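Student: Sequences are here, hints too, so could you generate the full structure?
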Amino acid sequence: MATATLNGTIYAEMVRGGAAMLGLNRSVVNDLNVFPIPDGDTGDNMFMTIESGVNNLGEKADDDLGQTAKAIAAGMLSGARGNSGAILSQIFAGISKGFEGMSDADIAAVCAAFECGVSQAYKAVKEPVEGTILTVFREAVDYAKTNADESTSLEAFLDNFIKELYASLKRTPDLLAVLKEAGVVDSGGAGFVYIAEGMKKALSGDAPELVSEHSDASSAHKVDITTFTEDSELKFGYCTEFLLRLQNKKTDVANFDLKVISDYLESAGDSVVAFMDGSVVKAHVHTFKPGDVLNYCQQFGEFLTLKIENMTLQHNETTIKNSFEIKNDFEMKVKPHKRYGLVCCAAGEGLKSMFLDIGTDYVVDGGQSMNPSVGDFLKAFEEINADTIFVFPNNGNIIMTANQAADLYEKADVVVIPTKNIGSGYAAISMFDPTGEPDEVKALLEESADASLTGMVSKAVRDTDKDGVSVVKDNYIGFVGSTIYSAAADKNGAAEGLAEKIATDEYGILMIIRGADTSREEADALARSFEKKYRDHEVISADGGQPVFDYIFIQM
Amino acid sequence: MLVLFTDTDTDVTPEVAKKYNYQLISMPYSIDSKTTYPYQDFDVFNGKLFYDGLRNGNLPNTSAIPVERYVEYFEPHFAAGNDIFYVHFSRAMTATFDNMDAAVEQLKAKYPERKFYEVDTKAITTLSYAIVVEVGKLFKEGKTAEEVLEWAKTEVDKYTMYFFADDLKFFKHSGRVSGIAGTMGNLLGIRPIIYMSQEGKMVSIGKEKGRAKAIARLLAYMDELGDDVKNHPIYIGHTDAEGLVEELAQALKAKLGDDVKYEVVIVNPTAGSHCGPNGIGLCFHSTRR
Numbered sequence: 001m002a003t004a005t006l007n008g009t010i011y012a013e014m015v016r017g018g019a020a021m022l023g024l025n026r027s028v029v030n031d032l033n034v035f036p037i038p039d040g041d042t043g044d045n046m047f048m049t050i051e052s053g054v055n056n057l058g059e060k061a062d063d064d065l066g067q068t069a070k071a072i073a074a075g076m077l078s079g080a081r082g083n084s085g086a087i088l089s090q091i092f093a094g095i096s097k098g099f100e101g102m103s104d105a106d107i108a109a110v111c112a113a114f115e116c117g118v119s120q121a122y123k124a125v126k127e128p129v130e131g132t133i134l135t136v137f138r139e140a141v142d143y144a145k146t147n148a149d150e151s152t153s154l155e156a157f158l159d160n161f162i163k164e165l166y167a168s169l170k171r172t173p174d175l176l177a178v179l180k181e182a183g184v185v186d187s188g189g190a191g192f193v194y195i196a197e198g199m200k201k202a203l204s205g206d207a208p209e210l211v212s213e214h215s216d217a218s219s220a221h222k223v224d225i226t227t228f229t230e231d232s233e234l235k236f237g238y239c240t241e242f243l244l245r246l247q248n249k250k251t252d253v254a255n256f257d258l259k260v261i262s263d264y265l266e267s268a269g270d271s272v273v274a275f276m277d278g279s280v281v282k283a284h285v286h287t288f289k290p291g292d293v294l295n296y297c298q299q300f301g302e303f304l305t306l307k308i309e310n311m312t313l314q315h316n317e318t319t320i321k322n323s324f325e326i327k328n329d330f331e332m333k334v335k336p337h338k339r340y341g342l343v344c345c346a347a348g349e350g351l352k353s354m355f356l357d358i359g360t361d362y363v364v365d366g367g368q369s370m371n372p373s374v375g376d377f378l379k380a381f382e383e384i385n386a387d388t389i390f391v392f393p394n395n396g397n398i399i400m401t402a403n404q405a406a407d408l409y410e411k412a413d414v415v416v417i418p419t420k421n422i423g424s425g426y427a428a429i430s431m432f433d434p435t436g437e438p439d440e441v442k443a444l445l446e447e448s449a450d451a452s453l454t455g456m457v458s459k460a461v462r463d464t465d466k467d468g469v470s471v472v473k474d475n476y477i478g479f480v481g482s483t484i485y486s487a488a489a490d491k492n493g494a495a496e497g498l499a500e501k502i503a504t505d506e507y508g509i510l511m512i513i514r515g516a517d518t519s520r521e522e523a524d525a526l527a528r529s530f531e532k533k534y535r536d537h538e539v540i541s542a543d544g545g546q547p548v549f550d551y552i553f554i555q556m
Numbered sequence: 001m002l003v004l005f006t007d008t009d010t011d012v013t014p015e016v017a018k019k020y021n022y023q024l025i026s027m028p029y030s031i032d033s034k035t036t037y038p039y040q041d042f043d044v045f046n047g048k049l050f051y052d053g054l055r056n057g058n059l060p061n062t063s064a065i066p067v068e069r070y071v072e073y074f075e076p077h078f079a080a081g082n083d084i085f086y087v088h089f090s091r092a093m094t095a096t097f098d099n100m101d102a103a104v105e106q107l108k109a110k111y112p113e114r115k116f117y118e119v120d121t122k123a124i125t126t127l128s129y130a131i132v133v134e135v136g137k138l139f140k141e142g143k144t145a146e147e148v149l150e151w152a153k154t155e156v157d158k159y160t161m162y163f164f165a166d167d168l169k170f171f172k173h174s175g176r177v178s179g180i181a182g183t184m185g186n187l188l189g190i191r192p193i194i195y196m197s198q199e200g201k202m203v204s205i206g207k208e209k210g211r212a213k214a215i216a217r218l219l220a221y222m223d224e225l226g227d228d229v230k231n232h233p234i235y236i237g238h239t240d241a242e243g244l245v246e247e248l249a250q251a252l253k254a255k256l257g258d259d260v261k262y263e264v265v266i267v268n269p270t271a272g273s274h275c276g277p278n279g280i281g282l283c284f285h286s287t288r289r
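Line by line, the protein sequences are chains A and B. Note that our numbering has the first sequence beginning at 1, numbered continuously upward. Note that our numbering has the second sequence beginning at 1, numbered continuously upward.
The reader is advised that the hints may include incorrect statements.
Chain A is nowhere near these chain B residues, computed Cβ spacing over 10 Å in every case [what the hints assert, rightly or not]:
#	residue
1	LYS18
2	GLU72
3	LEU256
4	THR287
In silico SDA-like pairs for lysine to any residue, Cα to Cα no more than 20 Å straight-line [stated by the list, open to error]:
#	chain 1	residue 1	chain 2	residue 2
5	A	LYS235	B	SER33
6	B	LYS110	A	THR251
7	B	LYS207	A	ASP536
8	B	LYS172	A	PRO434
9	B	LYS207	A	GLU506
10	B	LYS172	A	ASP433
From the structure, some residues in chain A lie toward chain B, with a derived Cβ separation under 8 Å [said to hold, decoys possible]:
#	residue
11	GLU233
12	ASP292
13	ASN295
14	ASP536
15	HIS537
16	ILE540
17	ALA542
It is worth saying that the hints were derived from the structure and are not from the lab. From a predicted model like this one, the values you see are computed outputs, not experimental measurements. Beta carbons are placed, not taken as given, at the ideal position from N, Cα and C, and that holds for glycine.
Tutor: Written out as structure tokens, the structure is:
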């Protein structure tokens with residue numbers, strides 16, 4: 001029972017089916033949309049938009065395709081919410097234009113109308129971004145049209161259309177880096193896949209019932225305002241949407257140029273969608289200053305509806321869920337993707353957090369007295385979803401293990417920067433600059449590791465005479481690598497002696513990292529002394545909490 | 001008559017404004033949603049107090065001033081039959097000048113005979129200050145608006161500023177420095193080096209280890225780009241960093257001789273909100289930015 005022509009009744013059933021299918025799956029779509037561009041909930045927004053189109057049909061069935069499409073489009077325009085909802089409404093507005101004056105349509109006319117939908121949607125977006133619902137819809141229309149002739153049924157047309165929707169949706173992360181980083185497909189595109197599935201089901205009478213959830217759909221979804229505190233930073237601005245009726249006493253309504261508003265929105269924020277239907281302007285923008293936007297736009301008219309939502313708040317309260325499993329063929333990684341990852345070895349909570357503070361992704365527990373295993377490194381690599389991972393062993397005894405792990409790991413390019421001590425690893429990561437190609441990044445890391453000098457102070461475990469220094473058991477020694485430079489009964493004495501030998505003004509920073517057995521008072525006294533003695537250095541104190549080494553000095 | 005305007009984001013104080021006959025537009029900042037308009041809500045800027053506040057956890061925001069406020073600044077002068085010449089901080093760093101444009105458009109409709117001139121210093125704080133002062137001097141010499149605009153076409157790009165601060169938190173909060181995003185975390189002792197680009201944006205161009213090397217790098221840029229530096233004004237701008245000012249001044253003298261003249265400028269709080277305390281910049285005449 002193939003359908004050859006589309007009329008108003010069938011079209012209405014299709015859109016109703018699309019709305020119902022999206023309604024059932026809106027939470028799946030919402031979950032795709034949480035990071036890194038929080039924008040309310042795409043699934044809810046798209047659903048409310050299409051539902052508003054269906055509701056505008058009322059109870060009356062109209063066989064006339066043009067009239068039906070027009071009613072749906074008008075309902076969607078006034079109900080459009082969010083970026084994706086706004087674009088969706090424009091797709092259906094374009095389709096409605098394509099069906100204008102037609103009581104029914106054959107496949108060629110359906111193709112043409114869908115193409116109208118593509119061009120109208122692209123026109124509505126100030127700067128169309130590929131890898132979004134725009135791309136997914138456009139590619140599917142192209143594909144379905146190319147594979148259709150006059151004998152193609154509506155069912156076959158939709159089969160091709162849906163097949164390419166899926167294929168295109170899967171490609172969206174390749175087109176849009178933010179999707180790839182977040183490990184998701186485009187949410188608006190995914191929402192449209194559900195709509196198309198529902199349309200297809202409606203043709204065979206299998207569409208689910210449209211369940212209206214007006215109680216929670218019309219009111220803004222509940223937000224937990226405690227997630228935005230006195231100290232929260234407004235990272236994402238406000239999702240701001242409105243319908244504005246242009247006023248004759250404020251502007252020349254008949255000749256109003258939408259650019260006056262869309263250009264302004266573009267300067268005031270991003271994710272801009274703006275379009276005009278008669279004297280009504282529908283606008284959507286993400287801005288840090290919604291007040292400015294409203295003041296500006298009110299110069300030309302008055303608001304019919306308004307919605308402003310704090311996206312940082314929405315983002316904070318939403319947990320990241322990245323599963324999207326219609327047809328089970330979307331397997332997306334959960335960890336955000338990065339170009340470069342950094343792994344190092346360190347022992348002691350303070351040292352570990354020092355490395356994490358400067359941007360290290362993962363710190364493998366280990367050091368002088370406890371060397372990590374190959375497995376520990378592999379586990380760290382697994383935790384990072386990066387193309388290239390740089391590894392800093394920070395100990396001569398760990399370099400070989402790191403190299404073995406690097407050889408074994410296949411999911412990323414692992415590069416070992418053979419740092420022999422904490423200082424060279426810290427210096428290298430401090431100067432990390434991810435803007436270059438892997439070779440350039442590696443060269444800078446190696447250079448920065450070499451352009452540092454690390455000294456240690458530790459307690460001697462036996463008497464010895466080495467490098468011209470007499471050492472008594474339980475005294476403190478200052479050394480670099482295996483060369484002893486100083487010995488003293490107290491740790492600060494050994495530290496002063498070491499610094500006198502190694503501090504040179506070729507370095508700009510002298511960092512003092514105190515170990516677990518060194519008190520804050522001891523370290524502060526040493527820092528004050530160094531600040532007086534080494535004026536060319538910037539003296540920095542840090543709490544490393546490392547075992548074995550009472551002090552680690554890093555000159556860089 | 002021509003009425004000169006500048007704004008507080010250029011580090012110009014009421015005294016300097018008076019010296020060069022500038023009207024001063026106050027660019028606000030807010031801390032804990034309390035908004036302050038410099039030189040309207042206070043008479044003298046207490047840099048120590050303000051930057052100590054930042055050291056102790058204040059994280060200010062800045063905001064554009066509304067259209068109506070620009071109208072209030074400009075309209076009396078247009079109404080009196082005067083033209084306006086505004087030397088302002090960088091358009092590329094703010095949306096406030098969209099509001100200004102809207103105000104000027106409104107006023108032009110009302111006063112079609114009146115003229116509005118502007119020079120974009122393509123900078124903020126001390127580098128803008130340098131240009132505002134030069135423009136002020138030109139007008140004192142009797143130059144016309146057209147002559148000054150002609151001067152600005154080439155000379156604005158010939159003042160340059162390189163600077164650094166020590167807490168990335170403020171740069172990140174402000175979001176106004178390009179190239180800083182990749183620099184993650186809290187880098188102890190490492191200074192991002194930033195300059196004002198020809199487009200009027202703050203651009204990070206690398207890092208330097210420690211205070212002394214960072215200062216040496218500012219001077220290295222002076223060596224590389226400087227153009228007849230000694231016969232043009234030199235400015236040191238800082239965000240409550242007297243020690244650094246002293247070090248940089250000593251280094252300047254060592255390089256250019258003890259007779260080198262320079263002026264020390266405290267960075268205004270609104271611009272200082274973007275870079276935080278303990279920052280210093282060197283502004284000099286150059287072949288290019």
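Student: If a hint holds in the structure, say so; if it does not, say that too.
Tutor: Structure-based check of all given hints:
Listed as outside the interface, B/LYS18 is consistent with that label: its C-beta sits roughly 32 Å from the nearest C-beta of chain A, beyond the 10 Å cut-off. Residue-level check passed: B/GLU72 sits 15 Å from the nearest beta carbon of chain A, beyond 10 Å. Non-interface call for B/LEU256 relative to chain A: holds, since the shortest CB-CB distance, roughly 21 Å, exceeds 10 Å. Under the 10 Å C-beta cut-off, the non-interface status given to B/THR287 relative to chain A holds; the minimum distance is some 26 Å.
Between A/LYS235 and B/SER33, the direct Cα distance comes to roughly 16 Å. Compliance with the 20 Å bound is thereby established for this hinted pair. Between B/LYS110 and A/THR251 the alpha-carbon distance is near 16 Å, which keeps this suggested pair within the 20 Å criterion. Proximity of B/LYS207 to A/ASP536 is assessed by CA-CA distance (about 17 Å); at most 20 Å being required, the pair is judged to hold. Between B/LYS172 and A/PRO434 the CA atoms are separated by roughly 17 Å; this keeps the pair inside 20 Å, and the hint holds.
For the proposed pair B/LYS207 and A/GLU506, the alpha carbon gap of about 16 Å is at most 20 Å, so the pair holds. Between B/LYS172 and A/ASP433, the direct Cα distance comes to roughly 16 Å. Compliance with the 20 Å bound is thereby established for this hinted pair. The closest approach between the C-beta of A/GLU233 and any C-beta of chain B is roughly 7 Å, which is under the 8 Å cut-off, so the hint is satisfied. Of the supplied interface hints, the one on A/ASP292 holds, with its beta-carbon coming within about 7 Å of a beta-carbon of chain B, less than 8 Å.
Annotation: A/ASN295 was flagged as interfacial toward chain B, and the flag holds, the nearest CB pair being 7 Å apart, inside 8 Å. Below 8 Å, beta-carbon pairs count as interface contacts, and A/ASP536 has one with chain B at about 5 Å; its hint therefore holds. Interface hint at A/HIS537: satisfied, since its Cβ lies 6 Å from the closest Cβ of chain B, which is below the 8 Å cut-off. Hint status for A/ILE540 relative to chain B: holds, with the closest Cβ pair at about 5 Å, below 8 Å.
Proximity of A/ALA542 to chain B holds as hinted, the smallest CB-CB distance being about 7 Å (cut-off 8 Å).
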